[in-house]
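Asks: Residue numbers (this note's numbering), protein chains in the order written: chain S, 1 to 107; chain Y, 1001 to 1158.
Worth double-checking, as some hints may not be accurate.
Said to hold, decoys possible - Result set (DMTMM-like, lysine to aspartate or glutamate): computed pairs, CA atoms no more than 20 Å apart in a straight line:
#, chain 1, residue 1, chain 2, residue 2
1, S, K100, Y, E1111
2, Y, K1043, Y, E1017
3, S, K100, Y, E1044
4, Y, K1094, Y, E1017
5, S, K100, Y, E1112
6, S, K103, Y, E1112
If you're looking for bench data, these hints aren't it; they were derived computationally from the structure.
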Amino acid sequence: MHTNLKLRVQALGDPTRMAIFERLERGPLAVGEIARGLPVTRSAVSQHLKVLRDVGLVTSQRAANRQIYRIDADGVAGLRDYFDRFWHEALQSFKQAAEKSFKEKSR
Amino acid sequence: MNTVATLPSVRHTILVEAPREHAFAVFTRGIDAWWFRDHCIGKEPLQEVVMEPRAGGRVYERGVHGAECDWGRVLVWEPPSRLVVAWQIGGGWKFDPDLAHASEYEVRFFEEAPARTRVEFEHRYFERHGEAASRIHDGVESGWPKLLAAYARAAGTR
Chain S
1 MHTNLKLRVQ ALGDPTRMAI FERLERGPLA VGEIARGLPV TRSAVSQHLK
51 VLRDVGLVTS QRAANRQIYR IDADGVAGLR DYFDRFWHEA LQSFKQAAEK
101 SFKEKSR
Chain Y
1001 MNTVATLPSV RHTILVEAPR EHAFAVFTRG IDAWWFRDHC IGKEPLQEVV
1051 MEPRAGGRVY ERGVHGAECD WGRVLVWEPP SRLVVAWQIG GGWKFDPDLA
1101 HASEYEVRFF EEAPARTRVE FEHRYFERHG EAASRIHDGV ESGWPKLLAA
1151 YARAAGTR
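Take these sequences, add in the hints, and give me the full structure.
Replies: Here's what the structure looks like:
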C-alpha cells in the first residue's frame, strides 16, 4: 500500500504528468484532447499516461476506436493510505514524546 | 446529485507508558513537541504548532515570521479521556473554514495501569473533503484526485 502511494506521489512529481492528471480531473479524455495545449508531443503524453496508468492513478478504455483515459477512482483511495501512514508515524512520535517527558518529570 | 463513496476510517491503537493525564496533555498542549516539522501548509517555515486547549479552540501553525495558518478546530474537549478535532485542510492543501467540508479525528485515552495509557485514534469522514471538491468539478471522481494531488505535491516537495 505504502509503496504504491510513494510511486503515485513520484509519478505526480513530474510537472507534465501533474498537468495531465489535472486535465483528467475534469473528465475522461482521449490522448489528442489531453495533448492539446501542452508543450510536449502526443507520444510524450502517451508515455506519461502509461506511467500514470502503471501506478494506478489513471485507467483507460477503448471506445469508438479511441483510447479514453480517466482517473482511477480506486487508485486515488491513496489519500486514505497517506493518512494511514502519516498517523502511524505521528502517533509513534507522540508516544516517544509523552514517554520521554513523563520519565523526565518523575525523575 | 453526486455520490461520493465513503472511504473507511484510519484507525490506530498505541500504548503509551505514561499516565492518562500526561498523555492527553502531550497530545494537545504539547503537540508542538511531536508534530513533524515538515507537515505544514503555510508559506513560512514552521515555528510552532498550537492546539488551543478548549472546545472550539483553534489548531494552527505559526511561521517563523509570525504568520498563522489554521488547520482545524477542537470539536470535543474532554480531558483526560477524549478529544475530537476537525481536520479542515482540503483541496489545494488549503484551509477550508466550512466544517461540512472537514474530516475529523477522535482520540480516546484509556487507563490500562497507573502509568500506562491505551490511545485509540480514528480519522474519519474523508468523503467530506471529496464532496467539497466535487461541487466545483461536478463529477463523482473529481473530489479525491484533487485532494490526493494536493497531498502528493506537499509530500513530493519534502
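Asks: It remains to establish, for every hint, whether it holds in the given structure.
Replies: Here is what the structure says about each hint:
1. K100(S) x E1111(Y): 18 Å, holds
2. K1043(Y) x E1017(Y): It is violated: about 36 Å lies between the C-alpha atoms, which goes past 20 Å.
3. K100(S) x E1044(Y): 29 Å, violated
4. K1094(Y) x E1017(Y): 35 Å, violated
5. K100(S) x E1112(Y): 19 Å, holds
6. K103(S) x E1112(Y): 18 Å, holds
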